[in-house]
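Colleague: Please model the complete structure; the sequences and the hints are all you need to start from.
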Amino acid sequence: MSKRKRHEYPESFAHPRYWPTWCAIGMMRVGAFLPWRLKLWIGTAIGELVWRFVKRRRHITETNLRLCFPELDERELARLVRRTFHANGIGILETATGWCRDPEHLRHRVSFKGTEHMEAAKAQGKGVLIIGIHFSTLDLGGALHSLFFDADVVYRPHNNPLFERFMTKARRGIFGAAIDRHDLRGVVRRIKGGHAVWYSPDQDFGRDASVFAPFFGIDAASIRLTSKIARMTGAPVMPLMFHRNPDNRTYTLEYLPALENFPSGDEVADATQVNAFIEAAIRKHPEQYLWLHRRFKTRPEGEASFYN
1 MSKRKRHEYP ESFAHPRYWP TWCAIGMMRV GAFLPWRLKL WIGTAIGELV
51 WRFVKRRRHI TETNLRLCFP ELDERELARL VRRTFHANGI GILETATGWC
101 RDPEHLRHRV SFKGTEHMEA AKAQGKGVLI IGIHFSTLDL GGALHSLFFD
151 ADVVYRPHNN PLFERFMTKA RRGIFGAAID RHDLRGVVRR IKGGHAVWYS
201 PDQDFGRDAS VFAPFFGIDA ASIRLTSKIA RMTGAPVMPL MFHRNPDNRT
251 YTLEYLPALE NFPSGDEVAD ATQVNAFIEA AIRKHPEQYL WLHRRFKTRP
301 EGEASFYN
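Start counting the sequence shown at 1; every next residue gets the next number (the UniProt record's numbering).
These aren't lab readings, by the way, just hints derived from the structure by calculation. Every residue gets a Cβ at the ideal spot worked out from N, C-alpha and C, and that includes glycine. It is possible that part of the hints are untrue.
Listed below are the simulated SDA-like cross-link pairs for lysine to any residue, each with C-alpha atoms no more than 25 Å apart in a straight line [as the list claims (entries may be wrong)]:
| no. | residue 1 | residue 2 |
| --- | --- | --- |
| 1 | Lys228 | Ala280 |
| 2 | Lys228 | Ala209 |
| 3 | Lys169 | Gly31 |
| 4 | Lys192 | Arg156 |
| 5 | Lys169 | Pro10 |
| 6 | Lys228 | Glu260 |
| 7 | Lys122 | Asn261 |
| 8 | Lys297 | Arg56 |
Each pair of labels, with its calculated beta carbon distance range [said to hold, decoys possible]:
| no. | residue 1 | residue 2 | range |
| --- | --- | --- | --- |
| 9 | Phe148 | Leu72 | 29 to 37 Å |
| 10 | Arg75 | Gly265 | 39 to 47 Å |
| 11 | Lys284 | Phe33 | 26 to 34 Å |
| 12 | Asn159 | Ser12 | 14 to 22 Å |
| 13 | Ala280 | Glu74 | 22 to 30 Å |
| 14 | Ala209 | Glu48 | 31 to 39 Å |
| 15 | Lys297 | Trp36 | 32 to 40 Å |
| 16 | Phe53 | Thr115 | 38 to 46 Å |
| 17 | Asn245 | Thr115 | 17 to 25 Å |
| 18 | Ala24 | Ala280 | 28 to 36 Å |
| 19 | Asn248 | Ala78 | 17 to 25 Å |
Modeller: This is the structure in structure tokens:
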């Protein structure tokens with residue numbers, strides 16, 4: 001993670017190449033205000049369409065789930081794959097809701113557990129590093145979290161400058177600051193300033209940024225940066241779980257106690273501890289995780305790709 005220049009926008013977004021993006025933004029704004037049952041229906045339908053027609057993503061999802069849940073037979077695996085697409089389709093409407101609506105209107109739908117752990121971490125006066133997870137509920141979870149605690153967020157800038165502007169503006173309405181994931185100094189500065197920063201270290205950023213640590217029993221490229229930030233700031237590292245409940249109408253957020261002996265001075269041990277938390281959280285609601293990305297794309301030297 002290195003600092004890079006602030007994202008620059010063109011002078012105008014009136015060019016026809018941005019018209020599809022304007023349409024997508026408009027649909028998200030409309031979708032955010034739809035009745036709850038209709039959101040669930042539309043989201044499920046979107047997931048079903050992607051499951052049926054985007055074969056590459058289905059192959060990636062099947063591969064990930066087969067690797068991580070080898071105990072499932074083919075029928076159980078197929079069912080979980082399809083449920084994963086449905087959950088992530090609903091996640092599009094949840095994201096729209098988190099970005100476009102005041103989270104106060106969802107206060108009655110959320111319960112928050114373990115707040116005493118966050119209060120204890122804040123009381124240390126060193127800032128806090130929050131470990132989140134790429135569930136389909138990620139952005140709605142951030143909006144719900146803002147009802148209880150202030151936080152900044154580390155994010156990956158979007159390649160489309162119009163959508164990037166829309167996304168960043170929305171996230172800055174939820175979080176105190178939206179920090180480019182390449183801006184390590186910005187992250188450290190905010191934490192040392194006493195802020196809580198939400199960071200999701202559960203993706204494959206390549207060999208140079210990672211160590212190999214077990215994840216569902218598989219050597220997975222795991223980001224070293226979590227322990228580096230903790231070492232540079234002295235901040236407690238707080239695991240945060242969040243999910244949509246089985247009723248599909250309510251949500252639960254839960255802080256666990258801060259990671260112990262973290263950082264330990266051993267990057268592999270630290271990544272293993274973070275992965276163990278992420279795995280445990282995923283196992284509670286595996287269909288809500290973003291299995292559509294190539295979590296195991298970087299392999300140890302000599303190992304073939306899982307996704308051919």
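Colleague: For each hint, tell me whether it holds in the structure or not.
Modeller: Checked hints:
The suggested pairing of Lys228 with Ala280 holds, with an alpha-carbon distance near 23 Å, which does not exceed 25 Å. Straight-line distance between C-alpha atoms of Lys228 and Ala209 comes to about 11 Å, which keeps the hinted pair within the 25 Å bound. About 18 Å separates the Cα atoms of Lys169 and Gly31, which keeps this hinted pair within 25 Å; it holds. About 22 Å separates the Cα atoms of Lys192 and Arg156, which keeps this hinted pair within 25 Å; it holds.
A threshold of 25 Å between alpha carbons decides the hint, and for Lys169 with Pro10 the separation of about 16 Å falls inside it, so the pair holds. Restraint check for Lys228 and Glu260: the C-alpha separation of about 15 Å stays at or below 25 Å, so the hint holds. About 18 Å separates the Cα atoms of Lys122 and Asn261, which keeps this hinted pair within 25 Å; it holds. Taking the CA atoms of Lys297 and Arg56, the gap is near 14 Å; set against the 25 Å cutoff, the hint holds.
The supplied range of 29 to 37 Å is met by Phe148 and Leu72, whose beta-carbon atoms lie about 36 Å from each other. One distance hint, 39 to 47 Å for the beta-carbon pair Arg75 and Gly265, holds here, with the actual separation near 46 Å. The hinted range of 26 to 34 Å is satisfied by Lys284 and Phe33, whose Cβ atoms lie roughly 30 Å apart. The supplied range of 14 to 22 Å is met by Asn159 and Ser12, whose beta-carbon atoms lie about 18 Å from each other.
Range check, Ala280 to Glu74: about 26 Å between beta-carbon atoms, so the 22 to 30 Å window is met. Take Ala209 and Glu48: their Cβ atoms lie about 35 Å apart, and the range 31 to 39 Å holds. Between Lys297 and Trp36 the beta carbon distance is about 36 Å. The supplied range of 32 to 40 Å therefore holds. The hint said 38 to 46 Å for the Cβ distance between Phe53 and Thr115, and at roughly 43 Å that hint holds.
Distance hint check for Asn245 and Thr115: the Cβ-Cβ separation is about 18 Å, which falls inside the suggested range of 17 to 25 Å. Remark: the range hint 28 to 36 Å for Ala24 to Ala280 is upheld by a beta-carbon distance near 35 Å. Look at Asn248 against Ala78: about 21 Å separates their beta carbons, and that is inside 17 to 25 Å.
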